[in-house]
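Chains Y and C, in that order, give the protein sequences.
Heads up: the first sequence is residues 27 to 248, going by the numbering used here.
Heads up: the second sequence is residues 792 to 1325, going by the numbering used here.
Because the hints were derived from the structure by calculation, they are not lab data.
The C-beta atom is built at its ideal place from N, Cα and C for all residues, glycine as well.
A couple of the hints might just be wrong.
Listed next, the in silico BS3-like pairs over lysine-lysine satisfying Cα-Cα at most 25 angstroms (straight line) [claimed, not checked]:
#: 1; chain 1: C; residue 1: Lys1308; chain 2: Y; residue 2: Lys124
#: 2; chain 1: Y; residue 1: Lys109; chain 2: Y; residue 2: Lys134
#: 3; chain 1: C; residue 1: Lys793; chain 2: Y; residue 2: Lys124
#: 4; chain 1: Y; residue 1: Lys29; chain 2: C; residue 2: Lys793
#: 5; chain 1: C; residue 1: Lys1308; chain 2: Y; residue 2: Lys121
A few chain Y residues facing chain C, derived, Cβ under 10 angstroms [stated by the list, open to error]:
#: 6; residue: Phe67
#: 7; residue: Pro103
#: 8; residue: Met119
#: 9; residue: Pro179
#: 10; residue: Thr188
#: 11; residue: Val202
What follows is each chain in one-letter form.
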Amino acid sequence: MKKVYIYKGFERFWHWTQAALIIFLALTGFEVHGSFSILGFEQAARYHRAASWMLIVLIIFAIFWHFVTGEWKQYIPTSKKLKEQIMFYAFGMFKGQKHPTKKSGLTKLNPLQRLVYLGFKLFLVPVTVISGILYMVHKTVDKNDTVVISNIPLEGIAFWHTLGAFLLMVFLVVHVYMTTTGHTPTSNIQAMITGYEELEEDDEETTSEKEINKIDNNEKNT
Amino acid sequence: MKKAILIIIGAVLFALVLTNLLQSEEYYNLKLEKLKQEHAIKPVSSVDHTKFEILQQEFATPQDVTEACISCHTERHREVMNSSHWNWERISYIEGRGIEASGKSNVINNFCIGAQSNEQACAKCHIGFGMSNNHFDFENARNVDCMVCHDNSEAYIKGASTAGYPDRSVNLSQVAQHVGQPTKHNCGSCHFNGGGGNNVKHGDLEQALLGCDRDVDVHMAANGMDMSCTACHTAENHQMLGKLYSVSSDNTHRATCEQCHTNTPHFDPIINRHNAKVSCQTCHIPEYAKVNATKMAWYWSESGKLKDGEPYTVDDEMGNHIYTSIKGTFKWATNAKPDYMWFNGTANLYLLGDTIDEKPLILNNLHGSHDDGESKIIPVKVHVGDQIYDKVHNILIQPKLHGTEKGDSAFWIDFDWPKAAEAGMRQVGLPYSGEYGFIETVMYWPVNHMVAPKDQAVGCAECHTRSNDGRLAQLSGFYLPGRDYNKPLDFAGIFLFFASLGGVLIHAAIRILVSIKKKRFEMKVIDYENEQQI
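The following block holds chain C by itself, in its conformation from the complex (with noise of 0.2 angstroms):
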């Protein structure tokens, strides 16, 4: 009675363990649940803006519409011209370098290099009228674009080197009276077409996302969530949560998943507990540039090719340019796996005048390492290249690469880099000796969007590998589980296995050997005994 109890209880166990063990079935995530629920109710403006008269007028400028919009909104000019949207640069400490101004107005980059010299065309992604060059005046108001990034009738567009003024079919009494919260269209009229044209940059920010399933991107997916762009960055007096480090260098105010999804998203405790040195995005991240390509490499050694005395431009297969006269050699990807770093949230950027003291140089060094307890392993972009510098001053060139007319020095009209070079470096104030190369360039951006439905992210055995495919394989300064092990521990531990196997195996055979002889023995003397009985 008592054992049949006993062994109820060990078989009621043994079934509970096995169960608890092999369930497979989905649990509910209410975490995730609610979140769902908070972002399908989409904001409803609570005001018409076609009702107001100010905006019923035919706008003869846009700085016209601005003082509209001042006129009741009467303080928000303030908070947007505190802004890095506006100033296109941050007050930021920077490691090694202390308190800088820093952003698109100093930095370089490994794409178009830089906006200063050739503001006329880099200015149609700067939230302002007017800058054409670098004498722009960022006190006045009414030069503040309110319409780039709060037009919702998707009519507004700026024009081609226009110096951010709009495109002249832009009909401003229109756009003036559908005002509202940003849209995927406005923030994407530049994020998306960063580097000059679309994906070009970031290679996981592109218009694919306008209308893309969840398979791209589970939170701006058309058949998912369909999520703005400040559902996650919100701002509060016009400063946007979130900042890149290729302009950007401290860690403050970033967007994180984290503000949603909180430290522990997950059941499983195990994977909880990745997140103090492994960023979410690593896992959910699979890969980048998922519908259309990006550029992964830029060279512009190659450039100012002609063919007839014209440029001209080739193209692969998928229609990316792979060679044009006036920018040189492109590499693409598309489902790009990325890097992966150490980062711990600040950067140190190359900005214009800076010593060139490395080679490759890389642009924006990301800090981290797994011994600084900020850091965490995110995935990046690597974007390499070749770009001009001074030989004697050993500093990077920022050249005129933008014109309107020939001879006014632009590398893209003139095809001349020594005068491209010069006019670029007058306008930073920067000295140019006359005597230019090329030098390897690295920049590194990292992946935040084009975050994968949960089944597809990646695996454990991904990075736990030996592989030297796994995606950690590079990555040192820490013991990985399942990719790091101590190799002479290994070798003494397998040795001893199999020496004792061995050895047992030997003993056995003795004993088997000893045996057989003993029993042949034994089996002579019964033959033997035998005999003689008869």
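Looking at chain Y on its own, in the form it has when it is part of the complex (with noise of 0.2 angstroms):
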């Protein structure tokens, strides 16, 4: 085992900050929503704005560093070793197996997360985050200092909105579940928080540079 570099201090702080929101907002959501009562609703649609500015803030900062870095790479996604990996989740591991993928610094994910980080990227964020704007614009104050309210159908924005916030909710869960399946219950978890994970020794590094490379080059050729 050796202590490899993975998560990169604005990877931590955009994961953290990323998934605290999304709590915060989900709290103030499904109070908004009707769900349930803690602030009541005037402070948890207050917050809940509050909040949501900041998650759009921080999503444009995380985009921009995804590009810049390339990291958006890790997110292309892959069939290969899919199926294992399924069955790694669902048999292999009560019987003790190994990851069927090696994880290191170039190949955080393995493919069942880079096609679900990818959906919640490039679906499930998008969805919630633009009818939440829309949501919040769908009233304005005209130039006379008037208030008008465009033809949006708020039942429409809200559906897609509460759509949106349950599969958050969902992914939460089972997300938060996944974290304990590394290579000890909270190894995961502390490699985010360090942004260090012991991983094991092998010269498989090499080979998922490769793998890195070859779908690279695939981009390039495409």
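The two chains are supplied separately, each in an independent frame; assemble them into the complex guided by the hints.
Here it is, written out as structure tokens:
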């Protein structure tokens, strides 16, 4: 085993801030939705708006970071070993089998993670954020200081926003649980806090690098 | 070093966000302070009417006072005679009806029903003299009553059933010398007493406003701005701003909160944006009839009962009549929570002779819906009751209620509905079949006064709630966050959430079981080895 630096400073900051904001937004959001009452509607709505702007800013920074550092390539989906990964979570891990894929600084994500996180980034977050922004701006104040309401029915906006929220909650549950499936139950979480994770030493790291390069080349070719 | 700087920047940002979110100190609302300052300065008259020679005479008739007024204010009577205060009707376009003259002269309400055939008494609230029947001369300027609106001495009162003439006790010379801008007393002498008593009709306009505190009305409070009615209901050439949809029907010349407070009076933009669909009154008038009770229901069908041949009244513990032989049964309310409706500023009123096409009959149908761009949610007082109608012609009956002596068909003296109906309908020129019944009717009274201090405004959760007691629980046609939700989506979402929670718990349980088994197995092996060693 050796300690490998996997999650960079910004990445960890982004991850935990996003996690905190999403949980906070869920609590306040479902209160606005009428599911329960903690802060009271007025405060819940107020904090929900404030937190949503923070999340939007954070997401903008995160997108920038992903492109500048090239980290976005981690999310390129692959079907290779996808089935094995699923079989591992479903059966293999009970039998004490090893992870079918190796984790390294260059391939942080297994094929299943790649697919799920890509869906998270390309579908779940955009649907929730865009419907959220529409929710906020479907009434506006015009140049004459008069309040106008645009013709987007709130019912539809609210549907997509609520759908996104429910799916995010499902993601949250499964995601938090999956962190316990690492080398030890807490090793993944520790890695996301410190940046370092103890990974098995072997020379497959080079092959992983090759894989990445191969994908890179494919990208260029297409 | 770099890390330290980053931490400091992060901490400062966090602190800024927190202070911004948690700060509860009130900003100084300059917009509001400016308005307060403007209205703190009360207008002072530039003339002293006691000094005018023409007013220092003994007036024989109130018409002589009017002539004296007109001798200086030479054209004002023309303006007055163009007003609905004088004509008791206004020409307006009514959807589905066209251009119509409507107003007190031809509408019917479910309080004292209507003025026609009862002018002798009802003219107490007409700004003229001598309206004793339906032959009043609306062209005669001498009959304009200037004093009822402009008396500042609080000494002028109109007599009871004197066709609009002042009470005999009034010293006309004294009143004529003390005239000025209308005060709450002037407007209130009629508008507080509609329906036959204080606060009966409106619920938000009553004598308590002459000297109330800010909890009752922030604008008119004696310990607040002490604004007069005309501060908002401004007038140009005697055409007042403001109307109520018990007698009005079009969306013009309305007095609005926005005319002073603008469309965006709040610091919070989200609250400002509510103004697109929610009127100011909806949140800022949490309840009406805050001091004295207002009538909520009036059942004419129960009138006419006599005790030993004499009419009688029954009062509740607050002193409000709950039964009178002449009028029937009443229901009252204080501190009433308004009902809420969509309203676009237009209404269709039941006019004399209209066919009854619905039951219960809505006497003033307020138009509006969420999808109509002009509509906003407004608070209303709903007044219900039943009243007399012609079963054959299917129209409401204007009965003759008020009379001066026995035998002139007036219901309030003779207690004879057929005669009262016949006499009333004859005077308005409508047929009466002889068969009458009582029909349930509904009236909507928009609530615009008794604005509460801002800390008493309706809170968000009073509407944004799934509770059936929510203020807007009955209002449909739109999606209200906190109240509405997509039921299938919620069901599916909650199911999926708990299913995934259950799924991971089962997965975890299997893992734990497997690891325990494995541990036992390993321990066994170790034990076995130990045994071997021993």
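Going through the hints against the structure:
Annotation: proposed proximity of C/Lys1308 to Y/Lys124 holds, straight-line Cα distance about 18 angstroms (limit 25 angstroms). Our distance criterion of 25 angstroms between C-alpha atoms is met by Y/Lys109 and Y/Lys134, whose separation comes to about 18 angstroms. For the hint pairing C/Lys793 with Y/Lys124, the CA-to-CA distance comes to about 40 angstroms; that exceeds 25 angstroms, so the pair is violated. For the suggested pair Y/Lys29 and C/Lys793, the alpha carbons sit about 24 angstroms apart, so the restraint of at most 25 angstroms is met.
Our distance criterion of 25 angstroms between C-alpha atoms is met by C/Lys1308 and Y/Lys121, whose separation comes to about 11 angstroms. Because the closest C-beta pair between Y/Phe67 and chain C is about 4 angstroms apart, less than 10 angstroms, the hint holds. For Y/Pro103, the suggested interface contact is broken, since its CB lies about 22 angstroms from the closest CB of chain C, more than 10 angstroms. About 7 angstroms separates the beta-carbon of Y/Met119 from the nearest beta-carbon of chain C, less than 10 angstroms, and the hint is met.
Interface hint status for Y/Pro179: upheld, as the beta-carbon distance to the closest one in chain C is roughly 7 angstroms, under 10 angstroms. Annotation: Y/Thr188 was flagged as interfacial toward chain C, and the flag holds, the nearest CB pair being 6 angstroms apart, inside 10 angstroms. Hint status for Y/Val202: holds, given a least beta-carbon distance of 8 angstroms to chain C, under 10 angstroms.
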